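Chains as they are written, first to last, in UniProt numbering: chain A, 1 to 202; chain B, 1 to 202.
If you're looking for bench data, these hints aren't it; they were derived computationally from the structure. If a hint is listed, it holds; no wrong ones were tucked in.
Identical chains blur together in the list; that is why a pair holds if it fits in one copy or across any two.
Within a straight-line C-alpha distance of at most 20 Å, the following computed SDA-like cross-link-like pairs (lysine to any residue) qualify:
1. K33 to G18
2. K78 to I130
3. K11 to R95
4. K165 to A193
5. K33 to A88
6. K11 to Q36
7. K33 to S54
8. K78 to P124
9. K11 to S184
10. K15 to D44
11. K165 to H80
12. K35 to A47
13. K38 to H48
14. K33 to G107
All values reported here derive from a predicted model rather than from experimental measurement.
Protein chains: 2
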Amino acid sequence: MVGADIEGLIKFFSKMPGLGPRSARRFVLYLLKHKQQKLLPLIDLLAHTAEHVSECTECGNLDTENPCTICSNQRRNKAHLCVVEHVADLWALERSGAFQGIYHVLGGTLSALDGIGPDELRIPYLKQRIQSNQTTELTLALNVTLEGQTTNHYLAAELASPGLKITSIAHGVPLGGELDYLDSGTLITALAARRTLETEES
Amino acid sequence: MVGADIEGLIKFFSKMPGLGPRSARRFVLYLLKHKQQKLLPLIDLLAHTAEHVSECTECGNLDTENPCTICSNQRRNKAHLCVVEHVADLWALERSGAFQGIYHVLGGTLSALDGIGPDELRIPYLKQRIQSNQTTELTLALNVTLEGQTTNHYLAAELASPGLKITSIAHGVPLGGELDYLDSGTLITALAARRTLETEES
Chain A
1 MVGADIEGLI
11 KFFSKMPGLG
21 PRSARRFVLY
31 LLKHKQQKLL
41 PLIDLLAHTA
51 EHVSECTECG
61 NLDTENPCTI
71 CSNQRRNKAH
81 LCVVEHVADL
91 WALERSGAFQ
101 GIYHVLGGTL
111 SALDGIGPDE
121 LRIPYLKQRI
131 QSNQTTELTL
141 ALNVTLEGQT
151 TNHYLAAELA
161 SPGLKITSIA
171 HGVPLGGELD
181 YLDSGTLITA
191 LAARRTLETE
201 ES
Chain B
1 MVGADIEGLI
11 KFFSKMPGLG
21 PRSARRFVLY
31 LLKHKQQKLL
41 PLIDLLAHTA
51 EHVSECTECG
61 NLDTENPCTI
71 CSNQRRNKAH
81 LCVVEHVADL
91 WALERSGAFQ
101 GIYHVLGGTL
111 SALDGIGPDE
121 LRIPYLKQRI
131 QSNQTTELTL
141 ALNVTLEGQT
151 TNHYLAAELA
161 SPGLKITSIA
171 HGVPLGGELD
181 YLDSGTLITA
191 LAARRTLETE
201 ES
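Hey, can you work out the whole structure from these sequences and the hints?
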């Protein structure tokens, strides 16, 4: 048997998303063999991140600064707000480099079955932010799933108000697809082709 | 842009063997979302391992104990010594569960081109261990590569002595193959079919 501590590390990594037992072993052995150059810097980086990471109180992004790097960036357009389900979706849009506004992470989608209503989803705070940021455009970038589109329609109806343009990223996103799995090219197209939703006020 | 610290972590993980940018992102996001249950225990485990890990002064295995878990196990047969190139090979043999003796990690293979001779490979210490452990069987489990087999022949000739049976794991191992990539079944077969090498003394 390999030593218990090292076996524990391998087991830990082999349960992570995207890693299996073989890659976990190779990964751990690599770290142990490069203690000074890799293992110790990794521990420092993880410890620093763990100490400082928090949900951005503005948008809900995860970052070691609060407000997060995006919310505190003066060059971002604070009047353009993009609504996403999860932090992974926000990161996917950031990788595309096509969006210059700020975000709002809902934390999920409406689901009557699971008892998830607007109050569970940071929707009340979304309304506050639209007012305080004097948002002129709200872009809905929810996943193209049944729950995502239900939430999409709910938000379009609920948030409609004079002077607020509500858009949705284009249906270049394949049905059943999730933002985190898409290539940046598709996301760029979807953002460029965003369309104004028909609301009672418009 | 995602925050610099988090981006740094993703970059670090995406350069690890077996991980790419996408799996690194999913992995980091998973850790950040489960700070208490996953990230903090991982830091503790890594820090503890980094503090205690070292090369076993006996066999050359990497472990948080010295002598390592294998060398200090009283139930292992100290008279049966198995020579491997790397720690990864030792771990592969341990996973097969077919070997009950102890190991000796050479740290590589002989290579005239790269200037690696016996003194660079813990071969002098191997001779000492054979004497002090009163080894009765020496099993060579080097990779079936040109360098591995050259080293195999060198060791068989160099270490031959009365009372020492020198065996080599069977050629069930495919040519060009490396132990770390093989399934345990093949390794079990190869260990069971080990054969005595023809030396001048035998």
